[in-house]
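So you can see what is in the structure, the chains are spelled out below.
There are 2 protein chains.
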Amino acid sequence: MLLVKVGGGASINLAGIARDLASVDEPAIVVHGANACRDELADRLGQPTQTITSASGVSSVLTDQDALDVLTMAYAGLMNKRFVQLCQQQGVNAIGLTGIDGALVRGRRNVGIRVEENGKKRIVRDHSGKPESINTSLLRLLIDAGYTPLLTVPILDEESRAVNTENDSVVALLQRTLESRRVIHLIEAPGLLEDRDDPTSVVGEMRFSELEARSHSTHGRLQRKLMAFAAMAASGCEEIVLADGRSEAPLSAALSGQGTRIRA
Amino acid sequence: MLLVKVGGGASINLAGIARDLASVDEPAIVVHGANACRDELADRLGQPTQTITSASGVSSVLTDQDALDVLTMAYAGLMNKRFVQLCQQQGVNAIGLTGIDGALVRGRRNVGIRVEENGKKRIVRDHSGKPESINTSLLRLLIDAGYTPLLTVPILDEESRAVNTENDSVVALLQRTLESRRVIHLIEAPGLLEDRDDPTSVVGEMRFSELEARSHSTHGRLQRKLMAFAAMAASGCEEIVLADGRSEAPLSAALSGQGTRIRA
Numbered sequence: 001m002l003l004v005k006v007g008g009g010a011s012i013n014l015a016g017i018a019r020d021l022a023s024v025d026e027p028a029i030v031v032h033g034a035n036a037c038r039d040e041l042a043d044r045l046g047q048p049t050q051t052i053t054s055a056s057g058v059s060s061v062l063t064d065q066d067a068l069d070v071l072t073m074a075y076a077g078l079m080n081k082r083f084v085q086l087c088q089q090q091g092v093n094a095i096g097l098t099g100i101d102g103a104l105v106r107g108r109r110n111v112g113i114r115v116e117e118n119g120k121k122r123i124v125r126d127h128s129g130k131p132e133s134i135n136t137s138l139l140r141l142l143i144d145a146g147y148t149p150l151l152t153v154p155i156l157d158e159e160s161r162a163v164n165t166e167n168d169s170v171v172a173l174l175q176r177t178l179e180s181r182r183v184i185h186l187i188e189a190p191g192l193l194e195d196r197d198d199p200t201s202v203v204g205e206m207r208f209s210e211l212e213a214r215s216h217s218t219h220g221r222l223q224r225k226l227m228a229f230a231a232m233a234a235s236g237c238e239e240i241v242l243a244d245g246r247s248e249a250p251l252s253a254a255l256s257g258q259g260t261r262i263r264a
Numbered sequence: 265m266l267l268v269k270v271g272g273g274a275s276i277n278l279a280g281i282a283r284d285l286a287s288v289d290e291p292a293i294v295v296h297g298a299n300a301c302r303d304e305l306a307d308r309l310g311q312p313t314q315t316i317t318s319a320s321g322v323s324s325v326l327t328d329q330d331a332l333d334v335l336t337m338a339y340a341g342l343m344n345k346r347f348v349q350l351c352q353q354q355g356v357n358a359i360g361l362t363g364i365d366g367a368l369v370r371g372r373r374n375v376g377i378r379v380e381e382n383g384k385k386r387i388v389r390d391h392s393g394k395p396e397s398i399n400t401s402l403l404r405l406l407i408d409a410g411y412t413p414l415l416t417v418p419i420l421d422e423e424s425r426a427v428n429t430e431n432d433s434v435v436a437l438l439q440r441t442l443e444s445r446r447v448i449h450l451i452e453a454p455g456l457l458e459d460r461d462d463p464t465s466v467v468g469e470m471r472f473s474e475l476e477a478r479s480h481s482t483h484g485r486l487q488r489k490l491m492a493f494a495a496m497a498a499s500g501c502e503e504i505v506l507a508d509g510r511s512e513a514p515l516s517a518a519l520s521g522q523g524t525r526i527r528a
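These protein sequence lines map, in sequence, to chains A and B. According to my numbering, the residues represented by the first sequence are 1 to 264, in order. According to my numbering, the residues represented by the second sequence are 265 to 528, in order.
Read the hints as simulated data drawn from the structure, not as lab findings. Treat the hints loosely; a few may be bogus.
Said to hold, decoys possible - Derived CB-CB ranges, DEER-like:
| # | chain 1 | residue 1 | chain 2 | residue 2 | range |
| --- | --- | --- | --- | --- | --- |
| 1 | B | P463 | A | G119 | 39 to 47 Å |
| 2 | B | I316 | A | E205 | 34 to 42 Å |
| 3 | B | S318 | A | E188 | 41 to 49 Å |
| 4 | A | V24 | B | E503 | 46 to 54 Å |
| 5 | B | D330 | A | M227 | 51 to 59 Å |
| 6 | B | S499 | A | Q65 | 51 to 59 Å |
| 7 | A | E205 | B | S287 | 36 to 44 Å |
Ideal Cβ placement from N, Cα and C applies to all residues, glycine included.
Okay, chain A solo, but in the shape it has when bound (with noise of 0.2 Å):
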């Protein structure tokens, strides 16, 4: 089972990513992200995404009930559908879930954020939450019967709402319920950087153990993800490629050597 992360950036050639799924010989698990197409439809509808940041310094979107909405109609309605119809013309019976369809994924809503504004405290609470369990029932019986899913925000919390989640932690969870060996990532970027102004910069191969010791010299999202990746290493994951999803053939390449491979 393989194992697929295709980020929401602009330039993410979806359409080769489709293609090469069409000749991927094993059955494969798709989730998408849409941060670009959510961020221009939030524009269009004047109600920009916002970022909050706690009193600790972390910064993260903020999604309160209009901006749930926008996430759903750009993850769930137009990328999602999109990336189905892309496979369905390269045969590849695509079918497209969000974590709230047959409670494909559930988890819990966050407690709040602390924040501090103008010398003063305060938690902001929003619709987001942390992914906690996986329907494998539904994704093997789809796999089993030769569909491809192809998963994506919104999650259900314990009160079964939809609430935002990081689809790296979906991704993080699914590998470690699964056991899945390999994933791959498909990113705005050739690869993980040892200069991220130097596109050429691009790391070869890497061991898990050295993730934590990289992940402190990132911020931000690639922090995160970096985290992520080292917290794979104790669930049977073997292989974690993070490859360019702007190229011809995003999967193909990534499959054959390209990008920068994390090894066990």
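With the hints as your guide, set chain B onto chain A.
For chain B alone, coordinates are given in the frame of chain A:
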């Protein structure tokens, strides 16, 4: 197998329908619209829903690429996932799918609409089509495993592109394919009205054989609906119920005798 069509009007009580689905003791397949949601989104995005009138005087929604994107966001994104969430909160394990997911509904793209503008005739071809076949094995796979499919547009055309279609046509095709004996239509009216301006003039019972004559005194969507109902009589349908989707318990009321019952 209960086949339920839920209209896409703004005042349809989705929460009530979700509650009712939890107490129905046979498996259900639900097809829903989202036209109010679609029109509101289209207006907010500054690209209002356009209609086109054919040279023969038939009016329909024009689905260009932008309109298809808006439709996908409203139907497959916002409305479908809202409905899935409401079902999950009632313990109904709903799974939201469009016709393109798992190639659930395949059809044929319309060849175009002949229009006359300033005395000149031309063909306008949009992204719309007619449904022709249902992937029944996917529906059975899900229903046998305890899931309740919530279906909506778009569907796949003969070249695996997403196209818009009438949800009523999908319901008619589902009825024919699955040989459903009973179909429930939940609409924004108490039933079929003798006088459309008098909500107390509900037709309690009628025969399939009366549908054609009655369709002559109606027009637009309702006329198309009645013609689709007439066709179901020939496909083993024994009862169609047209009932109020705005009431406290729309589906329970429809199943217990309210609204208009059309029988063989």
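Each hint, compared with the structure:
no., hint, result
1, B:P463 to A:G119: 39 to 47 Å, "violated, 58 Å"
2, B:I316 to A:E205: 34 to 42 Å, "violated, 58 Å"
3, B:S318 to A:E188: 41 to 49 Å, "holds, 45 Å"
4, A:V24 to B:E503: 46 to 54 Å, "holds, 47 Å"
5, B:D330 to A:M227: 51 to 59 Å, "violated, 40 Å"
6, B:S499 to A:Q65: 51 to 59 Å, "violated, 43 Å"
7, A:E205 to B:S287: 36 to 44 Å, "violated, 58 Å"
When the structure is compared with the earlier hints, violations turn up for hints 1, 2, 5, 6, 7 and for no others.
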